[in-house]
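For the protein sequence lines, the chains are A and B, in the order given. In terms of the numbering used here, the first sequence opens at residue 1 and continues consecutively. In terms of the numbering used here, the second sequence opens at residue 1 and continues consecutively.
These aren't lab readings, by the way, just hints derived from the structure by calculation. Backbone N, C-alpha and C fix where the C-beta goes; we use that ideal spot for every residue, glycine too.
In silico DSS-like links for lysine-lysine, alpha-carbon gap of 30 Å or less:
| id | chain 1 | residue 1 | chain 2 | residue 2 |
| --- | --- | --- | --- | --- |
| 1 | A | Lys258 | B | Lys113 |
| 2 | B | Lys85 | A | Lys302 |
| 3 | B | Lys113 | A | Lys159 |
Coverage of chain B stretches by chain A, computed from C-beta distances (three or more under 8 Å per stretch; other residues unrestricted):
| id | stretch |
| --- | --- |
| 4 | 51-58 |
| 5 | 79-90 |
One letter stands for each residue in the lines below.
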Amino acid sequence: MAAHGEADQLGTTSDSDQGELNETDAPGKSEDAILFASDDFDNLTYEGLAEEAQKPVQKGTIHAIVRQSSNDVDSRSNTPNNIDHDSSEVSAGEESVEETAEQAQITPRADNTEVPDTVDASRIEIEEEDAYNPEWKNQKKHVFILSASGKPIYSRHGKEDKLVTIMGVMQALVSFVQDAKDQLRSIVAGQHKFVFLVRDHLILVGVTRGMDSTQQMLLQLMYVYNQVISVLTHSSLNKIFKQRRNYDLRRLLTGAEKFFDNLLNLMDTEPGLLLTAVRCLPLDSSVREIIAQSIVQNAKLKDLVFALIIVKNQLVTLVRMKKYYLHPMDLHLIINLVNASESFKDAESWTPICLPKFDASGFVQAHVSYLDNDCEVCLLLLSVDRDSFFILSEAKDKIKARLIRYNALQAINASIKRTSYSTQQCGIPDLRHFLYKARSTAQYTSPELEAPYTEPAEQERLFGMYLYLHHRIHTSGRPLKILFHVGEYETLLGWVTQGFELYAVFGPLITKTSAIHAVNKLLRWIKREEDRLFILNSVTF
Amino acid sequence: MAMAGGYQRNAPGDGEFSRMQMRDVKVCLLGDSGVGKSSIVMRFVTGTYRPALESTIGASFMSKSLIVDGTGYRFQIWDTAGQEKFRSLAPMYYRGAAAAVIVYDVTRPHTYKSVKGWIQELRSFGPQDIVIAIAGNKCDLEDLREVTEKEAQEYASSIGAIFGETSAMTAVNVEEMFTALARQLPPEEVTSHTGSTINLRRQASKQDPKKKRSCCGGGGGGSPSGQGSLSHGAEPSRRQGNRLA
Numbered sequence: 001m002a003a004h005g006e007a008d009q010l011g012t013t014s015d016s017d018q019g020e021l022n023e024t025d026a027p028g029k030s031e032d033a034i035l036f037a038s039d040d041f042d043n044l045t046y047e048g049l050a051e052e053a054q055k056p057v058q059k060g061t062i063h064a065i066v067r068q069s070s071n072d073v074d075s076r077s078n079t080p081n082n083i084d085h086d087s088s089e090v091s092a093g094e095e096s097v098e099e100t101a102e103q104a105q106i107t108p109r110a111d112n113t114e115v116p117d118t119v120d121a122s123r124i125e126i127e128e129e130d131a132y133n134p135e136w137k138n139q140k141k142h143v144f145i146l147s148a149s150g151k152p153i154y155s156r157h158g159k160e161d162k163l164v165t166i167m168g169v170m171q172a173l174v175s176f177v178q179d180a181k182d183q184l185r186s187i188v189a190g191q192h193k194f195v196f197l198v199r200d201h202l203i204l205v206g207v208t209r210g211m212d213s214t215q216q217m218l219l220q221l222m223y224v225y226n227q228v229i230s231v232l233t234h235s236s237l238n239k240i241f242k243q244r245r246n247y248d249l250r251r252l253l254t255g256a257e258k259f260f261d262n263l264l265n266l267m268d269t270e271p272g273l274l275l276t277a278v279r280c281l282p283l284d285s286s287v288r289e290i291i292a293q294s295i296v297q298n299a300k301l302k303d304l305v306f307a308l309i310i311v312k313n314q315l316v317t318l319v320r321m322k323k324y325y326l327h328p329m330d331l332h333l334i335i336n337l338v339n340a341s342e343s344f345k346d347a348e349s350w351t352p353i354c355l356p357k358f359d360a361s362g363f364v365q366a367h368v369s370y371l372d373n374d375c376e377v378c379l380l381l382l383s384v385d386r387d388s389f390f391i392l393s394e395a396k397d398k399i400k401a402r403l404i405r406y407n408a409l410q411a412i413n414a415s416i417k418r419t420s421y422s423t424q425q426c427g428i429p430d431l432r433h434f435l436y437k438a439r440s441t442a443q444y445t446s447p448e449l450e451a452p453y454t455e456p457a458e459q460e461r462l463f464g465m466y467l468y469l470h471h472r473i474h475t476s477g478r479p480l481k482i483l484f485h486v487g488e489y490e491t492l493l494g495w496v497t498q499g500f501e502l503y504a505v506f507g508p509l510i511t512k513t514s515a516i517h518a519v520n521k522l523l524r525w526i527k528r529e530e531d532r533l534f535i536l537n538s539v540t541f
Numbered sequence: 001m002a003m004a005g006g007y008q009r010n011a012p013g014d015g016e017f018s019r020m021q022m023r024d025v026k027v028c029l030l031g032d033s034g035v036g037k038s039s040i041v042m043r044f045v046t047g048t049y050r051p052a053l054e055s056t057i058g059a060s061f062m063s064k065s066l067i068v069d070g071t072g073y074r075f076q077i078w079d080t081a082g083q084e085k086f087r088s089l090a091p092m093y094y095r096g097a098a099a100a101v102i103v104y105d106v107t108r109p110h111t112y113k114s115v116k117g118w119i120q121e122l123r124s125f126g127p128q129d130i131v132i133a134i135a136g137n138k139c140d141l142e143d144l145r146e147v148t149e150k151e152a153q154e155y156a157s158s159i160g161a162i163f164g165e166t167s168a169m170t171a172v173n174v175e176e177m178f179t180a181l182a183r184q185l186p187p188e189e190v191t192s193h194t195g196s197t198i199n200l201r202r203q204a205s206k207q208d209p210k211k212k213r214s215c216c217g218g219g220g221g222g223s224p225s226g227q228g229s230l231s232h233g234a235e236p237s238r239r240q241g242n243r244l245a
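With the rest of the complex left out, here is chain B:
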């Protein structure tokens, strides 16, 4: 599994590629407790669904490979715990992530409100080029719906995030979302191996001088609201209003 990073990078196109080239993609799932993060991961990875999963403790890790447009992606998924007490650990998981899926529950409006907090936090402290998807889960519970699809869709478009309503129970849009994530990833970079190398590269090539990553003193939730467009403006290359097919 674990490849020796140095050799790979120095010798592209070697015999190593007799297998399919896999691109490692670190994804983390964020969102309030009980919105269905673990159920989505379980649906995606094992194709199963269990009602009333126990709440996740800390974070759990799973991986799954997927072929999108002829390219192999190996998703390394961090399924984080939504509970308040684990909130401060989230940076540990999104710090090195290529993509983040923020999940809310369409039947519980306050879980949707939290999405904005997560977006702000990711914009302020997350990796610069992180691809974000917003998933309105439990869309099978149409009768209990409290958050409209339109509202969430518009918000997602405004910040350039992928959006889709999902159902871990009926499998609607779950795999599609990961496929969309894969398509949104910035063009091939060095497949992540040692964390330090990748960080250096990113800082050297992608960091926007206008944005400072330090000054964490203010805390994640401290920045004023409605600033999503600011960070979006810094990355004009990102396509807007992505919608799952």
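Same shape as in the complex, but just chain A:
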């Protein structure tokens, strides 16, 4: 949409054009980051993925932590406990695979009855297949997961079992190209982009006619793949398919559909996933310090790796075990877990979750509870000890009590009610909206959506412009540092440095000079507010 306007790029960093941009100080910068992304969007290419596929997945972290804590001298006899933990971990995996093998023998029978049906009654099938439904066809973005043998696992729209034929075609395309020792990456057909990601035993396909670039779709498919891992772990996914190539994975993903749906919706509305950065709830740094200290003082427990508080998809605080970092992609999966589940609001919960970037081979156990009656402030305690529920539950009570005593819970609630901040507060007249990501801390900030972006259609258009801007700046063939783009309804300025990424949207009439001037002013404003908008100190147990 915006792309239809005339584009004027400053693809280089030549002094004449950039003279006024001042990048010496990146607001929100911190050497002491709470989140850590070892990789970046720019690394996300098929070449990078192929390389990554050669490397073993991130694993062993959980075992390392368990092992280390068992080395600690503790009055409690650690050894039986940990052996128990280890063996139960392993046996749990084994059990599930055994069960799997059993079920797998049952499943094909059920499927076989299904498949001939579709062949015999192909005419009926044509009417039933979702692919012929105009409403289905008109969806802007599709995401499919299928097994390497072509079994449907998930479809964002429609029922996956009514898409057997189309998934068969996808599988055929992928394996046809694979046969030639090559790899299918994407297909562009008219307005549609088809993007393929083949990982382990899964084929993920994204189809869009929106502004998403191939690479951005690839990132989204990575999130979806990570969501699968998050439910099953990489190890058991591999074990299952090694035992039976045509296993129906839907059995094990029952109930997880809502996580995929929700994740995909988040990806279309929440810039944080695109930026692989997290938004923090604006809070005075002193209040945030109190909250972090409440956690440190009451939850200093061995085997507790991360403790965090999330409010409305925003991070309030994160306390981590020394040496271990949470990857923003993992944090988005945690946010998605909380965001998509109503059931956590009823009672304290104890659930396994695999964080693929942290350790793809095993689960950490999450103690999930809400600290307030309105169920907005969610505390998560992530431990590698499966038997620590009651200890964590006790810790949670103490944390809550201290947060109430110091009015911190009140401060959080006040911040929720206040809404984040308005673009006007930045004092830049022509600025309509912006995204600012501090790269070193993997956090971003952006103002509330205001007029003219109040309607969903307009918000979608705005998001499309950000996708475009982000894509142009990160195009792997020709990465840009600065992009000034004059569109029909607005003017965009994207600027990437070592320290930050800034995407700003102005009114259509702004000149390049005043936009640069405005951006410098904006950076100064963010700098002034950085204590409130970002978490700059990393707190460890």
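With the hints as your guide, set chain B onto chain A.
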């Protein structure tokens, strides 16, 4: 809440008992997805009912105190998720449990079939003296019933489990079931405090030498069917055919 275990045990009858003595009872609810485990727990603990609860993720924990025959019981209830992917986690919850409630849906026969699998698993890998109750939930949906009360009742009697048809919606038999569980508990043992202590005690005093708890290699569902009576035979003290009033 959490009492220092050691002192309590060494000094029974101390001033501590000015309050009512509470016996902690760990209960876990098992059964297929959507049979109403969470609804039963919610009915029991909060006295409320919400239609179409979201499926549980992992497991959730609630507690509720109840006085039965003049004794106070504090039920610590693990409401587990019924979904397949959480199946392998179940041992974590029944391992230390004093009682298990296996729930099925009277309108869905396959959920009743799963009950037998759970019984086998508990017999093979669960605690020796675990008290089992079978609950046929959604008994308010008489028109849609697919599992007869008689069939389930007879099965429950044959394995010495408590049985009752419940309805979380109308509250029928929900509290009664927990009351029946409390009555079925083996005579007072040391109130559970630290997990390790209790395990040692149980192994020393109650383990049946004929039954081995190891050899898990075969997997939970692997043992042949119809063996419920075997493990039952090992515990003659258990009353048979318990029926909710």
